[in-house]
Amino acid sequence: MSTIKSSDEHLTLNADGSSKDIKFQANGVEKASISSSGAFTSTTIDATKLTGDLPAISGANLTGVGVAGISSSADATAMTITSAEKIGIGTATPICLVELEHSNTTALSGDGDDSAINIHNTGGVNAISTISFSGGDHNGDGNLAGIYAKHTNVTENSETTDIGFKTSVNEAQVDNLILRGDRGLSQFTAKAWVRYGGTSSTIAVADSHNVSSVTHQQVGIYRINYANNLANANYVSFGNDDWYGINYFNSYTTSSVQHTHLNNNWTNRDTGICTALIFGD
Amino acid sequence: MRLIYDIDGVAALLIPAPKFLETLTGTDEEKLIHIANKDLPTGTKYEIIDDDVNLPDETFRNAWTYTAGSDEKTSADLSEEDLAKYNMKENL
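Quick mapping for you: the protein sequence lines, in order, are chains A and B.
The working numbering applies: residue 1 is where the first sequence begins, and numbers increase by one.
The working numbering applies: residue 1001 is where the second sequence begins, and numbers increase by one.
Simulated from the structure, these hints should not be mistaken for laboratory data.
Predicted model only: the values in this text are computed from it and were never measured.
Beta carbons: idealized from backbone N, C-alpha and C, even for Gly.
Among the hints, a few may not be true.
As the list claims (entries may be wrong) - Not the full set, but computed from the structure, chain A residues with beta-carbon under 8 Å of chain B:
#1 SER213
#2 GLN218
#3 VAL219
All chains should be modelled from the sequences, with the hints used to inform the complete structure.
So, in structure tokens, the structure goes:
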């Protein structure tokens, strides 16, 4: 083995001439070189021999580098994964599993160019895009899965806002308001419904939506109490029963409505099965 | 369990909706108290009775009257958080 060695002074390899490179060969074949401009080129790099930090490298030069399937042309931080395994896009300090942060103040365009998230399906006429929520405990309490949007201001945009979510300031400007959880209601879904019936001794609520209780007040007179109040008392009611179906609603309030059932001689009558359906705001 | 209370001199029975009960926490009695606070006007006197309590003859249902028993309760205000949850804006 031959060795070029300098113990007391720097060892200089000098390719003395314009545009002359320093080349390293093995068995007559070039394996590495240092160009006159300082660029180091090697046929391979044994990463196990590397120590220390890599220098800052532009993402534009990292195409194809890293985990297969990920490419980047960014030249600034676009995504951060914290030590807590939280992913931040537009933020280096994500507060949840995935957080997107931006300061966009531009109105949405047709394809959502200015959206934080855009799902674009290229499937043609039968294209379907879905966001799904799943889990093991759906009790209708609205705690497991949901979409929560909180704004300090909302500007109506009838062209792009098909569904709006409850805001802290101006619900009226949202085209179709959807409230939290299982009470997610709009003007085109039932605000409340209930199937109940019986006398004071036998009365029961078989099933319901947005109903907290039913009060048997007198013979044939029941009051349906809503779990969540309606926005106003100008709502629509429809009822039926398993006797003659003669029934009516009155005493409409935002929190309840009275439902009365009658016999065919127009006297009040307790009925085994009563149904009520409510639409409104 | 049910609630019994007075409406204009006639005893009324309030039956909770099972689906709504599922959303509440606590004992059955605590759930009924919560419903009383929610669905009865504040200050209403009421009692919680078991489902198997024998009630009077239904023939005279409209003559039933509520009489205070040994465990009479009074409906109270809901918390502001509950008022907001139940969209009871007029009480906030």
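Taking the hints in turn, this is what the structure says about them:
| no. | hint | verdict |
| --- | --- | --- |
| 1 | SER213 | holds, 5 Å |
| 2 | GLN218 | holds, 5 Å |
| 3 | VAL219 | holds, 5 Å |
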